[in-house]
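Heads up: the protein sequence lines correspond to chains F and Z, in order.
In terms of UniProt numbering, the first sequence opens at residue 1 and continues consecutively.
In terms of UniProt numbering, the second sequence opens at residue 1 and continues consecutively.
I should point out that these hints are in silico values taken from the structure, not numbers from a laboratory.
Since no wrong hints were added, every one of them can be taken at face value.
Per label pair, the in silico range of CB-to-CB distance:
1. F:Ala-177 with Z:Gln-286: 39 to 47 angstroms
2. F:Pro-175 with Z:Thr-154: 37 to 45 angstroms
3. F:Glu-31 with Z:Ala-326: 17 to 25 angstroms
4. F:Lys-49 with Z:Thr-66: 28 to 36 angstroms
Which chain F residues face chain Z? A few, computed with CB under 7 angstroms, are given here:
5. Gly-37
6. Ser-41
7. Glu-42
8. Thr-67
9. Arg-70
10. Thr-74
11. Phe-75
12. Gln-77
13. Ser-78
14. Phe-79
15. Leu-81
16. Arg-83
17. Ala-177
18. Thr-180
Virtual Cβ for every residue (Gly too), placed ideally from N, Cα, C.
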Amino acid sequence: MTISLAIDTATSRTIVGIVNNGKVEFEQFHEGATDHGKAISELVAKALKATAIPDQVVIGMGPGPFTGLRVGITFAQSFALARSIPWVGVCSLDAIRIDSTTNNLKADEYTVATDARRKQMYWASYKAGVRIKGPDVDKPEEIDEFITNVFPDVRKLVELSSMQNVREPIYLHSPDAIPTAERT
Amino acid sequence: MQPLVLGIETSCDETAIGIVRGRTLLANEIASSVDEHARFGGVVPEIAARAHLEAMLPSIERAVKTANISLRDIDAVAVTAGPGLIGALLVGVASASGLAQGLGRPLYGVNHLASHISVDCLTHSDPLEPVIALLVSGGHSSLLQVDDITSSITKLGATMDDAAGEAFDKIARIMGVGFPGGPAIDLLAKTGSATAIDFPRGLTTSNDWQSRPFDFSFSGLKTAVARYLESTPDYAKGDVAASFQEAVVDVLLLKALAACKQTGINSLVIAGGVAANSRLRHLAEQRCEKVGIQLRIPAPALCTDNGAMVAALGSLLVSAGRAPAAHAFDADSSLPVTSINLR
Numbered sequence: 001m002t003i004s005l006a007i008d009t010a011t012s013r014t015i016v017g018i019v020n021n022g023k024v025e026f027e028q029f030h031e032g033a034t035d036h037g038k039a040i041s042e043l044v045a046k047a048l049k050a051t052a053i054p055d056q057v058v059i060g061m062g063p064g065p066f067t068g069l070r071v072g073i074t075f076a077q078s079f080a081l082a083r084s085i086p087w088v089g090v091c092s093l094d095a096i097r098i099d100s101t102t103n104n105l106k107a108d109e110y111t112v113a114t115d116a117r118r119k120q121m122y123w124a125s126y127k128a129g130v131r132i133k134g135p136d137v138d139k140p141e142e143i144d145e146f147i148t149n150v151f152p153d154v155r156k157l158v159e160l161s162s163m164q165n166v167r168e169p170i171y172l173h174s175p176d177a178i179p180t181a182e183r184t
Numbered sequence: 001m002q003p004l005v006l007g008i009e010t011s012c013d014e015t016a017i018g019i020v021r022g023r024t025l026l027a028n029e030i031a032s033s034v035d036e037h038a039r040f041g042g043v044v045p046e047i048a049a050r051a052h053l054e055a056m057l058p059s060i061e062r063a064v065k066t067a068n069i070s071l072r073d074i075d076a077v078a079v080t081a082g083p084g085l086i087g088a089l090l091v092g093v094a095s096a097s098g099l100a101q102g103l104g105r106p107l108y109g110v111n112h113l114a115s116h117i118s119v120d121c122l123t124h125s126d127p128l129e130p131v132i133a134l135l136v137s138g139g140h141s142s143l144l145q146v147d148d149i150t151s152s153i154t155k156l157g158a159t160m161d162d163a164a165g166e167a168f169d170k171i172a173r174i175m176g177v178g179f180p181g182g183p184a185i186d187l188l189a190k191t192g193s194a195t196a197i198d199f200p201r202g203l204t205t206s207n208d209w210q211s212r213p214f215d216f217s218f219s220g221l222k223t224a225v226a227r228y229l230e231s232t233p234d235y236a237k238g239d240v241a242a243s244f245q246e247a248v249v250d251v252l253l254l255k256a257l258a259a260c261k262q263t264g265i266n267s268l269v270i271a272g273g274v275a276a277n278s279r280l281r282h283l284a285e286q287r288c289e290k291v292g293i294q295l296r297i298p299a300p301a302l303c304t305d306n307g308a309m310v311a312a313l314g315s316l317l318v319s320a321g322r323a324p325a326a327h328a329f330d331a332d333s334s335l336p337v338t339s340i341n342l343r
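Sequences are here, hints too, so could you generate the full structure?
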């Protein structure tokens, strides 16, 4: 029996859920690319009022725009520390659930992509539910046909927690900065 | 029982956790990313924010161990809500919010500048207020009138351009003596003469004393030093450092003491990273003693950014019965000093 608090801020959505032994007891998101900080605290407060006490925290570790991504990770890690419960990190792109009928897929093979800002997308490709390429970041025209406007799913985040344990944020980009010595 | 408060500070490049019980310091853990910024000649916000996330949990755990408490014993969590680098602040605020919610304890979002001043309560038990505060760091140079550190701070003046610490960084970079510039210039200045070069004192003409008596400007000084270095290829590094430092320190104290005189407040607190400067501390002691002003400067380790100061202000807010923040609040990169405690 595991009661998981799932948190993902790798997209413009702040996603919070409670999954009690496979059953989604709470699931809400807030849309807003710069709202993660406020939204996460409000949504988690709501989740805790609505359901049982979580005994692990599952965190979407990205890839995602850095600032919002960090807000979710650091909130979730600190919550876990305060409760003395473990946290498990998973790849946010892997947690996107694609329905083959609604997306008109010919085969069980697809690529998902999310907004990385600066005219780029984070993407990964899957075959039979398994990631075969990525995660990576590129311009949209450099990525083969992809499904976008899709978001991590609370139940899938928790499902992945038994298979993955990502301990570092997935940034994929280095910080933009030029050392003094290399400036012209 | 005195409140047990954990404070988190991430407004710039230090991930700092402090724990206090009332006015007693129990832990002050600092993880700095300063070495990662050195080769860029200044703080890179994204590098700082990444380092905060990496250092946060280990720093909290270290502080709890040093203080010899359990996280569950904490009565309140306080965090710097601003001003500062927004990406850096957000990591601290999110962590504090997660901790407070996990523990079921109140969260205080506090002002970074007010925290710098409030750290005085960890060294002095007598009341601080009313006091004139000279707040000088890499990001700020302000003169403030503090009537109540938990509720009433009035801004008398601030820098029009660079912060004092920023001027130290920039001059150190031009002279190639390292980053951060404050400690490097301070050390170098000991080998030179403070009166060797007559660098300008910003905003000290009679007109300035009329129109903006408590404001500062360091950009003219910076340009003057840069021109001097260009026109004097064989300059004496020690003399430049000492004379530049004297120009900064002189004008800071001139204006701080003028503020004391005008307001009739005979107590001055100097806080912020630049308050660790040895020449500022020495000259402040001399000048304050001469005119009968009581001087309070925190120990150097409590002058630079730290978590103890955030915990200290949190503790004062709890003791004064001030209300904590609502569950959710945003960090504010330009939070005015008059906003001490976010609601």
